[in-house]
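*Asks:* Sequence:
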Amino acid sequence: MQTLNDLRSGACKGLSKVKLTCLLDDFPLEILSLGPDLIHLDLFTTFPSALASCSSLSMVAFRNNGMAFIPENSLPPKLRWLILTNNRISALPKSIGSCAQLEKCMLSGNTLSELPDEMARCQKLTLLRLSANKIEQLPDWLFKLPNLAFLSFAGNPCTASERTTGRARRNSESLPQIRWADLTTHDVLGEGASGIISKATWRRDGSEEDVAVKLFRGVLTSDGTPIDEMRACMSAGAHANLVDVLGRIHGHPDDGRRPRTGKFQGGLVMQLIPPTYRTLGKPPSLDSCTRDCYDASDPILSAKTAVKILAGVAAAARHLHSNGIYHGDLYAHNIMVDDEGRALLGDMGAATIYGDDGRFSLLEGLEVLAFAHLVEDVRGLVRDSGSDSAEEVLERLKELHRRCSVSLVADRPSFENLVETLQGLLVLCKDE
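Going by UniProt numbering, the sequence shown opens with residue 1, and the numbers climb by one from there.
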């Protein structure tokens, strides 16, 4: 992190990344003197048209700073990441269509009512966050983008109809209520923008059970709101390849209070994932942008284990879509696996409940592209044993990836079809 004095004294010269978090009255022109070295700018101010002249700038982040207007032709020509979460932006400039390299676009928590049609020219767009806006209808061209795989749009008017929410509401209403007084929390297992997950003991019927407790807090993440995440978790229902939600907490000391930033918004009791499970991949890096990362220390998979992992994830996705839920973040870093290939898909932070609304019939095809990326990644973790069956499995996974990643969204297979295909592959590699 740099200061304004650093910038003005020349101390930032030669840096490729500059982050200023001080309150600025205007755009510091000294940034322009950094020249071609600057590729990542994180600046707490209104969106300046001068950034269009930064020919090498690929990432722009203006988060939580009350921005309300983006002038036309103000976006850098090589923009790859655009992070505008939690502002007051009501419209995007039509010139965003000129951002041919745009791959990740984070727009949750604004006041957008529509997207400009010119954005359809952003053919490399892979991840788009639109949650908590004022969008009445998603444009048809959105479902024709050949690379769009990760989308969130919960918390918009287009997801508020009875056709969208009815089934999910009925599912969540059937979830048991668990008294806070019957829970004892222990060590924190994980903490993110949407809440804290702790190990806990649940006392019921004279016995005790180890569980995980997630207390939702805050108001908004890059993916959406904690409330929408909690609704998706409650609506998903039980499945062997999903993190099981056991019940909703009631009687918490902060229950019923008006939610405030950083405060309690609700809680869930979930299954405790055994310590034998590990995360399958690592989140994307600055370079990979929208693709997960792996390194040499990652365990080598057999062909059978790889197929079993993929079959489990496909079954989880099939279950979600059968309940009208789009996961939106189907990444290896959101999947836990054990050495036997059992997989658990978690993190519903970007999930959107779309129910029986026919307007969203192509959503599954977008998620299948995300699964295609997973197939490619998992296939890359397999070391060929030299057997004929392993070689055939790898070839079939390659073909499966091709089918799942065709440009026309409507031509991609369903998760029902993918589960059947992968179950057949499991039979093929039973001797591995």
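Since the hints were made in silico from the structure, they are not lab data. Remember, predicted model here, so these are calculated numbers, not experimental data. All C-beta atoms, glycine included, are put in the ideal place defined by N, C-alpha and C. Please note that the accuracy of each hint is not assured.
Quick list of in silico lysine-lysine cross-link-like pairs, DSBU-like style, CA-CA up to 35 angstroms [what the hints assert, rightly or not]: (1) 263 with 144; (2) 134 with 17; (3) 398 with 19.
Distance windows between CB atoms, simulated [what the hints assert, rightly or not]: (4) 146 with 253: 22 to 30 angstroms; (5) 380 with 192: 21 to 29 angstroms; (6) 50 with 169: 27 to 35 angstroms; (7) 294 with 253: 18 to 26 angstroms; (8) 77 with 29: 55 to 63 angstroms; (9) 113 with 358: 19 to 27 angstroms; (10) 252 with 146: 15 to 23 angstroms; (11) 254 with 286: 36 to 44 angstroms.
*Asks:* Among all the numbered hints in the text so far, which are the ones the structure does not match?
*Replies:* 1, 3, 4, 6, 7, 8 and 10
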